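Keeping the supplied structure of chain L fixed, place chains E, B and Y upon it in accordance with the hints.
4 protein chains.
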Amino acid sequence: MAENNYTFPHTIFTEYDKAHNVGVFTETTNHIYTEQTEYQRIDIYETPAFGKLFSLDGVIMTRDSDEFVYHEMISHVPLFIHPNPKKVLIIGGGDGGTVREVLKHDSVEKVVLCELDKKVIEAALKYLPNISYELKNPKVELVYEDGSKFVSQFKDEFDVILIDSTDPTEGEGGLLFTEKFYQNCFEALNENGVFSAQTEEPFLKKEWMVRAYRRISNTFNIARLYMGYVPQYMPGTWTWTFASKNLDPIKDFDPEKVKEFNKELKYYDEEVHVASFSLPVFVKKLISEFSK
Amino acid sequence: MAENNYTFPHTIFTEYDKAHNVGVFTETTNHIYTEQTEYQRIDIYETPAFGKLFSLDGVIMTRDSDEFVYHEMISHVPLFIHPNPKKVLIIGGGDGGTVREVLKHDSVEKVVLCELDKKVIEAALKYLPNISYELKNPKVELVYEDGSKFVSQFKDEFDVILIDSTDPTEGEGGLLFTEKFYQNCFEALNENGVFSAQTEEPFLKKEWMVRAYRRISNTFNIARLYMGYVPQYMPGTWTWTFASKNLDPIKDFDPEKVKEFNKELKYYDEEVHVASFSLPVFVKKLISEFSK
Amino acid sequence: MAENNYTFPHTIFTEYDKAHNVGVFTETTNHIYTEQTEYQRIDIYETPAFGKLFSLDGVIMTRDSDEFVYHEMISHVPLFIHPNPKKVLIIGGGDGGTVREVLKHDSVEKVVLCELDKKVIEAALKYLPNISYELKNPKVELVYEDGSKFVSQFKDEFDVILIDSTDPTEGEGGLLFTEKFYQNCFEALNENGVFSAQTEEPFLKKEWMVRAYRRISNTFNIARLYMGYVPQYMPGTWTWTFASKNLDPIKDFDPEKVKEFNKELKYYDEEVHVASFSLPVFVKKLISEFSK
Amino acid sequence: MAENNYTFPHTIFTEYDKAHNVGVFTETTNHIYTEQTEYQRIDIYETPAFGKLFSLDGVIMTRDSDEFVYHEMISHVPLFIHPNPKKVLIIGGGDGGTVREVLKHDSVEKVVLCELDKKVIEAALKYLPNISYELKNPKVELVYEDGSKFVSQFKDEFDVILIDSTDPTEGEGGLLFTEKFYQNCFEALNENGVFSAQTEEPFLKKEWMVRAYRRISNTFNIARLYMGYVPQYMPGTWTWTFASKNLDPIKDFDPEKVKEFNKELKYYDEEVHVASFSLPVFVKKLISEFSK
Chain L
1 MAENNYTFPH TIFTEYDKAH NVGVFTETTN HIYTEQTEYQ RIDIYETPAF GKLFSLDGVI
61 MTRDSDEFVY HEMISHVPLF IHPNPKKVLI IGGGDGGTVR EVLKHDSVEK VVLCELDKKV
121 IEAALKYLPN ISYELKNPKV ELVYEDGSKF VSQFKDEFDV ILIDSTDPTE GEGGLLFTEK
181 FYQNCFEALN ENGVFSAQTE EPFLKKEWMV RAYRRISNTF NIARLYMGYV PQYMPGTWTW
241 TFASKNLDPI KDFDPEKVKE FNKELKYYDE EVHVASFSLP VFVKKLISEF SK
Chain E
1 MAENNYTFPH TIFTEYDKAH NVGVFTETTN HIYTEQTEYQ RIDIYETPAF GKLFSLDGVI
61 MTRDSDEFVY HEMISHVPLF IHPNPKKVLI IGGGDGGTVR EVLKHDSVEK VVLCELDKKV
121 IEAALKYLPN ISYELKNPKV ELVYEDGSKF VSQFKDEFDV ILIDSTDPTE GEGGLLFTEK
181 FYQNCFEALN ENGVFSAQTE EPFLKKEWMV RAYRRISNTF NIARLYMGYV PQYMPGTWTW
241 TFASKNLDPI KDFDPEKVKE FNKELKYYDE EVHVASFSLP VFVKKLISEF SK
Chain B
1 MAENNYTFPH TIFTEYDKAH NVGVFTETTN HIYTEQTEYQ RIDIYETPAF GKLFSLDGVI
61 MTRDSDEFVY HEMISHVPLF IHPNPKKVLI IGGGDGGTVR EVLKHDSVEK VVLCELDKKV
121 IEAALKYLPN ISYELKNPKV ELVYEDGSKF VSQFKDEFDV ILIDSTDPTE GEGGLLFTEK
181 FYQNCFEALN ENGVFSAQTE EPFLKKEWMV RAYRRISNTF NIARLYMGYV PQYMPGTWTW
241 TFASKNLDPI KDFDPEKVKE FNKELKYYDE EVHVASFSLP VFVKKLISEF SK
Chain Y
1 MAENNYTFPH TIFTEYDKAH NVGVFTETTN HIYTEQTEYQ RIDIYETPAF GKLFSLDGVI
61 MTRDSDEFVY HEMISHVPLF IHPNPKKVLI IGGGDGGTVR EVLKHDSVEK VVLCELDKKV
121 IEAALKYLPN ISYELKNPKV ELVYEDGSKF VSQFKDEFDV ILIDSTDPTE GEGGLLFTEK
181 FYQNCFEALN ENGVFSAQTE EPFLKKEWMV RAYRRISNTF NIARLYMGYV PQYMPGTWTW
241 TFASKNLDPI KDFDPEKVKE FNKELKYYDE EVHVASFSLP VFVKKLISEF SK
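Protein sequence lines correspond, in order, to chains L, E, B and Y.
The letter at position 255 of the first sequence is residue 255 when you use the UniProt record's numbering, and the numbering goes up by one with no holes.
The letter at position 21 of the second sequence is residue 21 when you use the UniProt record's numbering, and the numbering goes up by one with no holes.
The letter at position 211 of the third sequence is residue 211 when you use the UniProt record's numbering, and the numbering goes up by one with no holes.
The letter at position 76 of the fourth sequence is residue 76 when you use the UniProt record's numbering, and the numbering goes up by one with no holes.
Excised from the complex, chain L in its bound form (with noise of 0.2 Å):
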């Protein structure tokens, strides 16, 4: 018995960015799932600290504590801003829970959710089920293709596009960073149609997002970057942008349907909606050359 010897944590998740030599560690007290796939590796630890912590290729996903923050934005941003959103497209988001958000919206008909890895989606809904479970809801339609592809297919088709990827790689950054990819969901959008992108953030990756909000802003007519705090994502901050063909996310803005919204948000609410828009002046001057 070594009891004595007890202190630090001998079980250790680490999520290392070699870009800049940083990393974040954790305390591991379960290995629940680990599986090399087609495309990736997925691990499932269990995390004295943040619960339930789902990482691809060594970098965190999400996490049963703060996974709130992450879904709440990315949804529900666009969704408010759509006066009667009823057919939505999700690329990426294979934890399920951007789905489970979306579908607070008692308009929403239908959800496509497209993952390029079939892996992901069975390990969170056997792993995961406080983020999954809405993944096995009727109105939920699951396809297990390249997003790049599906999305290029429709035509005025949908009333949200919300793109729920991992990081850009090298090149243009994998193929939900391209231009083109933008343009095709443009293209799939119907003319009321909206639209979220996670892009990164300011400080550790700040090339990337403002490349991403580039491009999304050459594609559409309205683009507008947005904020929130975001524990699980070195470093602790992070951006969407909203698009859309022609509502704008402050202007076409009605406060009271959040107010009157039926169901419990933790992060969001009328307040944030508004407040995420306010940027830093810092990253104001990063996006400003091609700001609208």
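Worth double-checking, as some hints may not be accurate.
Given that identical chains are not distinguished, each listed pair holds provided it fits within a single copy or across any two copies.
List of simulated lysine-lysine pairs, DSBU-like, C-alpha gap at most 35 Å [unchecked claim]: (1) Lys139 x Lys285; (2) Lys206 x Lys18; (3) Lys245 x Lys259; (4) Lys136 x Lys284; (5) Lys285 x Lys110; (6) Lys119 x Lys136; (7) Lys266 x Lys118; (8) Lys126 x Lys285; (9) Lys136 x Lys285; (10) Lys284 x Lys126; (11) Lys139 x Lys284; (12) Lys251 x Lys139; (13) Lys104 x Lys18; (14) Lys284 x Lys119; (15) Lys292 x Lys149; (16) Lys292 x Lys259; (17) Lys136 x Lys18; (18) Lys110 x Lys292; (19) Lys87 x Lys18; (20) Lys104 x Lys206; (21) Lys251 x Lys110; (22) Lys126 x Lys18; (23) Lys284 x Lys245; (24) Lys87 x Lys139.
None of these hints come from the bench; they were simulated from the model.
These numbers come from a predicted model, not from an experiment.
Here is chains E, B and Y on its own, set in the frame of chain L:
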């Protein structure tokens, strides 16, 4: 020569939160300064990701790359509310970043900085010139004392008091987190006096955030929590509490004063001022019992 | 897909020696088993570098890749000295590695294994088959008791006693490091009885090595420290103390018996037997006061 | 003051073996020296556990607490075999530890140290005085050259050649691990010449150990691997290969010369000399094909 083995950084600064068994780490390329003073262990490192990094007892206090967020937010929110701030007391803040921001307001005639550990100021002056340079401004008076005692001798003296302290500790949280201390700050402020204190954050330290807010709220007529994106403090979010005898941080805020401000700011502007008081739903709930 | 960020292993086992602030770490690809028992935290991991790795309270106990060194050295050194070992008592050693080595001696008719924590044996049987497989040999009797109490009931009973314990703890070092315990072992051995105990190592734990050696030396007529290359135990060196009532580990050693041995060994042979008693000068000095 | 959070050391040196995804770490209290030279990154740290620690490209080269093992074993094993060593060539070894040991032999009249990187010697002289102090001995000639080229100019020149190199690299393992280099060493030795080279270790680097041993064995008439307990080099074991034109490290060894030696040694003595050639069974097997 073992260059082919040189992938993971071999010299690492780690901030470890033993209460949650989580941490952050970053490569250091030089350990510029280290000293065990009467009060604490001071370290200053050169880091590729964040520039100079300054820690006390292994906890990051400030770093070149993003210190501006914390220092602007603790300073400008209260200073833009006061109609004519002349005399400012800062407790803690020995790195000099808060002094630097305060002195951007031309009305300020005198800043008293009360820092317990003289070595912190000496180290900042020597190794953190971008942060500390205004510590030698003739308007600044440096006092090396326990701030909780120092403030208790004043009555109706200051226009602004800023509490730029380290984390609370066991029991009452250290002398800078007690209700008695906040009462002494109240007494030391004159009629239009405004106050701001760092009050931890709502993800990993919510108990202390609520406790500090409650104590300030019990003491001052007006008390309002506000938030910012602060990557240097794990988990990337931070809060401060604005308090005053009679001035309201929203109703008495004049955005024109900020627009006309003649100094450069990187984070704070009139939009950020207002948005920072729009709290996420779960934070509102945490403090709702004591909100004013 | 974040494959380009996947360089440093994201799931890590860390053994941290808080007395010296040093540690070792290794990638784990699966956390096969974890349980907090009445006595300790048991973990078993799959690791690319070392195969299965088994730890108690975060301290490595054994691992597939190099467990043979420790298990051969604690067993064969005393067993080859005894002229005809029939009855063997092992205290600790619940992973089964020492039992496996002892049973390679055909003369052995009975092995009593006294392990405090039944869960250790259950986990080893289930997850460490290469190490534990002889625990089910009919010659083996498993006893789940405190070894220090168990041994005290015997007199002139065993030919061989092996102390395969975890690290000592505060005070007397746990019940398996006291002089009283070693005296009870002495009593439990018959006239030609031989004994071997793990006795820590001379780089990071020299105080305990000397203390254990001194206590054994005070108790037995003959006591000799010996060493081996044991990578699994930081810092890569380990010692055991051979002791007996009258047999000398060098004078009474017959190398021919080892040469004729009919089982395969990976570390121990007649040369290693002798060489392991040739101690570095600084180790000789550390124990010189008590050497026999 | 955050003293209650100060448990895990916040400044850490990590040596990470990316080939195996394993590593060691240790607290550092000061980063005394760091420089990226033309050849490599040099760092020297103060550590509580090991005193001064010196690394090249993040790999520990030497440290105060236990450098004596490596330096005594590379030096005294060959020097006590040579009947009258006068002229010694050391390739690598810029920290000076090997020079220090060699000069303990009064017969030695001249030591040529050939170190590629002058900065290593300068740093050792300035920051590692306990290791480097004999580098300024008038018997020592310092040469800053590629050792593989330098040695090729000599014929029948040296009594002793010691290869105190860093780890091998890709391909041929760097110029100090090729058969051509070992042949040049053979040529540079005179008739009674003896040789010793560091040859890695059999747990994590067995391929290189076997390769180096085979190449030396192909070149010299006599070649014998020997081992030691070397905590500073993960995983705590190290080997060297003794080689010569005609002298045998056991048959030509006179233990009386060691007993009468007039200098203090901490690891090596006549017993250790002999025992270090008694290899574990698995190591004998690894090199059996080439053993002489």
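Query - Hint numbers not upheld by this structure, sorted from lowest to highest - result: 13, 14, 17 and 19
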